[in-house]
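Student: Chain F is already provided as a structure; the job is to place chains X and G on it using the hints.
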Amino acid sequence: MIDLIISKYNYWIYIVLMMIGFYAMIGKKNLVKKIIGINIFQTAIILFFVSTASKRGGTLPIIEHAHGHGAHAIEAASYINPLPHVLMLTAIVVMVSTLGVALAIMILIYRRYNTLEENEILEQRKWSSNPPF
Amino acid sequence: MEIITSIRPLLAVLVTLVGALLIIFTGERNRNLREFWTILVSVLKFVIVISMVPFVLKGSVLEYTIISIAPGVSLQFRVDQFGLFFGVLASALWIVTSIYSIGYVRGLNEHAQTRYFFNFAICLSATMGIAFSANLLTLFIFYEILTVSTYPLVAHKETHDAIMGGRKYLAYTLTAGVVILFAIIFIYTLTGTLDFKPGGFLLGHGSPGTLTFLFAILILGFGVKAGLMPMHEWLPTAMIAPTPVSALLHAVAVVKAGVFGCLRVILYVFGPTLLHDLNLWIILAYFASFTVIVSGMYALAQDNLKRRLAFSTINNLAIIIMGAALLTPSSITGSIFHIGSHGFMKITLFFVAGAIYVKTHKENISELDGIGRQMPLTMGAFAICAMGVAGTPPICGFISKWYLAMGSLEAKEAFFLFVLLISALMDVAYFFPIIYSSFFKSPKDDTNLHFDEAPMRMVIPLVITAIISLILGIFPNAFFNFFNIASLAAEKILGGM
Amino acid sequence: MVQQSPVLVVVIPLIFAFLIFIFGWWRRGICYPITLTAISLSFLASLLTLNTVITTGTIHYRLGSWEPPWGIEYVVDHLNAFVLVIVSLVSLIAAISSKKSVEKELNEKTVFFYSIFLLQVTGFLGIVITGDMFNLYVFLEIASLAGYALIAIGEDGAPFASFNYLIFGTIGACFYLLGVGYLYITTGSLNMADLSQILPNLYHSKVVLVAFAFFLVGVSLKMALFPLHVWLPDAYTYAPSPVSSLLAPLMTKVGAYIMIRIMFFVFKPYFSIELIPATTILVWMAGGAILFGAIWALAQTDLKRMLAYILVSEVGYITLGIGLANKNGLTGAILHILNDSFMMLALFLVVGAIMYRTGKREITGLRYIHRKMPFTMAVFVVAALSVIGIPPTCGFFSKWYLILGAIDANYWVPAGILLLSSLLNVIIFFRVIENAYLEPDEGHTGGTSETHIAIEEAPLSMLIPILIAGAGIMLFGVLSGKIVSTIIQFAIPSFV
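Residue numbers (numbering that gives the first Met the number 0), protein chains in the order written: chain F, 0 to 132; chain X, 0 to 496; chain G, 0 to 495.
Next up, chain F with everything else stripped away, as it sits in the complex (with noise of 0.2 Å):
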């Protein structure tokens, strides 16, 4: 059990961040924290997918003297997959640009609320609209 728990390591790191993130995402009351909550869900996510490109001794997947010697055999073995790091980029643009939007509309509902607290919105929305289901 023990065993278990210290081999896959790293993925129960990535468990705990993200249900830290999804706890903050929904259980929290105030939107920039519901806000952060997103990021540490998104950066979780994004941990497990690097950690599960790591190899024990392997090196940074650059190929030295590269140029003119595109022929010769590679030992994948011995680099770590950059698959999952390329595409954790693009993940990383993605959760910036999710974070973007959503302080920008974090703006706007500030502007017409005057608060960030969750119950507070909604109270004040309780006179106008119809009951949300």
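Since the hints were derived computationally from the structure, they do not count as laboratory data. Accuracy of the hints is not assured; some may be wrong.
[As the list claims (entries may be wrong)] Partner residues aside, some chain G positions facing chain F, computed with beta carbon under 10 Å:
id: 1; residue: Phe133
id: 2; residue: Tyr136
id: 3; residue: Val137
id: 4; residue: Glu140
id: 5; residue: Tyr147
id: 6; residue: Ala148
id: 7; residue: Ala151
id: 8; residue: Ile152
id: 9; residue: Gly156
id: 10; residue: Phe159
id: 11; residue: Ala172
id: 12; residue: Val477
All figures in this text were calculated on a predicted structure; none of them were measured in a lab. Just so it is clear, CB atoms sit at the ideal spot from N, CA and C, and this is done for glycine as well.
Tutor: Below, chains X and G alone, put in the same frame as chain F:
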């Protein structure tokens, strides 16, 4: 049997759709032009339908496929004897109703006239579509279009009662539609086809339990429009509609479409053999006879003239279904012919009710004393057709009742003969007092005794239909071999076993 | 050019999105024509693609000529091509109708609006056309982010609704990403076709099961499948009219497309049906969606909100078809993708027009509307009949296949729910139609002497799209047989 591909059925349906568009674009700006479109289109439709009679009398069938919907099912028209009979009836009656409508609507200076004529036209297209459908799905499609296009007509007056009446109508008919749809899809999974065949196509597919269940829900579904009890409740409530609507739709188009659907199910989907095997025919006959008797009793209790006529309609529709359920040559012939003869007679009666309303604003029978002296033509027509409904010769109702009576003897079930007799007695009981009091009693109030008929545009159509009822009673094959079409249909059904 | 049509479908709106940004600063009025040009070209390209697929079969387009599974590949088969055409056509119609609303409500933000609009369309098209799992995630996020932004510029309450949507949507997309990650760990591939070949050997592995679970939940969130639909009513009610006309028909359908891809193409049908009873679960979720969507719609007084709940119900129909997992059920589902897009498009366009002309959208406030806007209301009636399922509108035909599929699979309760929902929809829509058409308590004696209300129809740029949508509903209904036999029949995976 020859199958001829012809575009005529499609034309018959389309001509009124085109008419509807013309009506709505002409609108209120030029009333006479708009009315002209209505009449022109109705005459054209009648001509197209009549042109198909010679083929059908010879035994051939006119087909036209529009488009395939699913494997084995297409949107298809097939004009056989039964369909053509209904088509001739509907298109002939529409001509007179159009003239009558114009008189009624202008006589009362009704609102929303364009909407009225527009929906009427679409409604007739749908009726033609139902008459000429080749399979259950096409029938269902036009059936639903009929429901939707008649709703604005029922709720036309837009008073609170009218809106409630419209809602009740929709609730009944759309629920029935859903039930029918389920049955149709089920049949499709059982057999892979939905085409009507004289003598039925369901034999051998599915267990007796399944088939009985399907039969029950199909009859219940179509029975809503056909006014079978206990699904009849919408019909008296729908009398809130203007009288031409009640006349054409609830004496001819909508309720006859329901009966048509029932008969298609009984004779062309299930068929005599299967129904005899499952013993469903006798159950249906008893079920229908229940309606016959109870509706007669209801009719006796009504004071509002239109409501009494509504229950009389329910009575006659149930007689038609009862006749078809007996599954003998005479009973089927009588049943099909009664669709036609009752159509002519009942429409006259409704026309009379409308004429009286337009002229005197009277709706109740108790107010009608002496009115026969003011409106002799109108009440004369009423007398003829009322006696016809009761089955008095020489009006056409006698012929259909005769065949139905013979049919019940052929089926060796004398019970139904008694039912027919009792219903005839009840007919006399609730029609005769009206005739008597209108001609022979002195008026209670200010009805003047001078000749002061309703507008001619209303009187002429009802006189025409009354005369037609009379002629059909003496020469059933007048007018394009009306009777022969019915009997040929019966032969086909029973011969196709 | 024809050979490049798959990539053009996506690239054109993408490039034009940036072009608008540049040209918009120069002249604001030019944004609208550029948008229309971009989407029209994309639509043409999608038609070409569909034609190619019908005549020659599945297209494999390699971006940059890199071989899969290392390069990103666009795979266009019948299902793809069909949904592509639908998405681009609906976007085009929604874009045409956006002109007046944008001028009225969003004038200062026109440039941004159209730019993000085109990005949204790019996102949808990219999701549909790609054959690579991670590429799908990227386009999914492009579409979602654009959606959050577009919804947030609506009326009062929109930013908060959009924020809620953002949270839900991000969870959904991240779950999808996790699914991709787990699949990558076990198979080493991101290409859909490749995965479908490698995975069967790994079906017993827990990692693959977890991945499948993450996929389903993530896509259900995006698709607003009950009970994960909670973001949808608020988001689509408060969004500006052109935005809801674009998003409502498409976002959920594209989500349904992703679900079909994952359940039946990446994972073989045998996995989704027998190994995990995913389809059974989906059937019951769908039943809940259909029923509860309809019941909640009944309770609304705001017309747009009512339509949003009807949308929840319609998503249920499509999911039911997916869950039935037989030939008829899937035919119904895919046909309903087409039909529902047009029905929702027509309905939301009508509401947009009514709001533009009268500024209100309470159901009780609709008196006399049929005289003011007769054509618009006529299309509303047609669309309502289609949702109810009255032939010959298109809604009837997808219901036909769905009920057929339910009976084939012996799912009697869902068949009953489908029929019951027709009746519920009757009540829902006839409430609106009665309010709009019938005028009780008026003394109706005079022929034409009623209060004369002039015809003040929606402006042409809104009316024509509405009429096209209405015509489409009738047309697709009559042509359903043809559509099924030429396209959908081949789009369904073969079920063992």
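Student: Look at each hint and say if it fits the structure.
Tutor: We went through each hint and held it up to the structure:
Evaluation of the Phe133(G) hint against chain F yields a held restraint, the C-beta minimum of about 6 Å falling below 10 Å. For Tyr136(G), the shortest C-beta to C-beta distance to chain F is roughly 8 Å, which falls under 10 Å, so the interface hint holds. Below 10 Å, beta-carbon pairs count as interface contacts, and Val137(G) has one with chain F at about 6 Å; its hint therefore holds. This hint holds: Glu140(G) has a C-beta 5 Å from the nearest C-beta of chain F, less than the 10 Å allowed.
At its closest, the beta carbon of Tyr147(G) sits 5 Å from a beta carbon of chain F; the interface hint therefore holds under the 10 Å criterion. Interface restraint check for Ala148(G): the shortest CB-CB distance to chain F comes to about 6 Å, inside 10 Å, so the restraint holds. Nearest Cβ of chain F to the Cβ of Ala151(G): about 5 Å, under the 10 Å cut. The hint holds. Evaluation of the Ile152(G) hint against chain F yields a held restraint, the C-beta minimum of about 8 Å falling below 10 Å.
With 10 Å as the threshold, the beta carbon of Gly156(G) comes within range of chain F, its nearest partner Cβ sitting at about 6 Å, so the hint holds. For Phe159(G), the shortest C-beta to C-beta distance to chain F is roughly 6 Å, which falls under 10 Å, so the interface hint holds. Taking 10 Å as the C-beta cut-off, the interface hint given for Ala172(G) holds, the closest approach to chain F being about 8 Å. The interface hint given for Val477(G) is violated, since its Cβ lies 37 Å from the closest Cβ of chain F, which is over the 10 Å cut-off.
Checked against the numbered hints above, the structure violates only hint 12.
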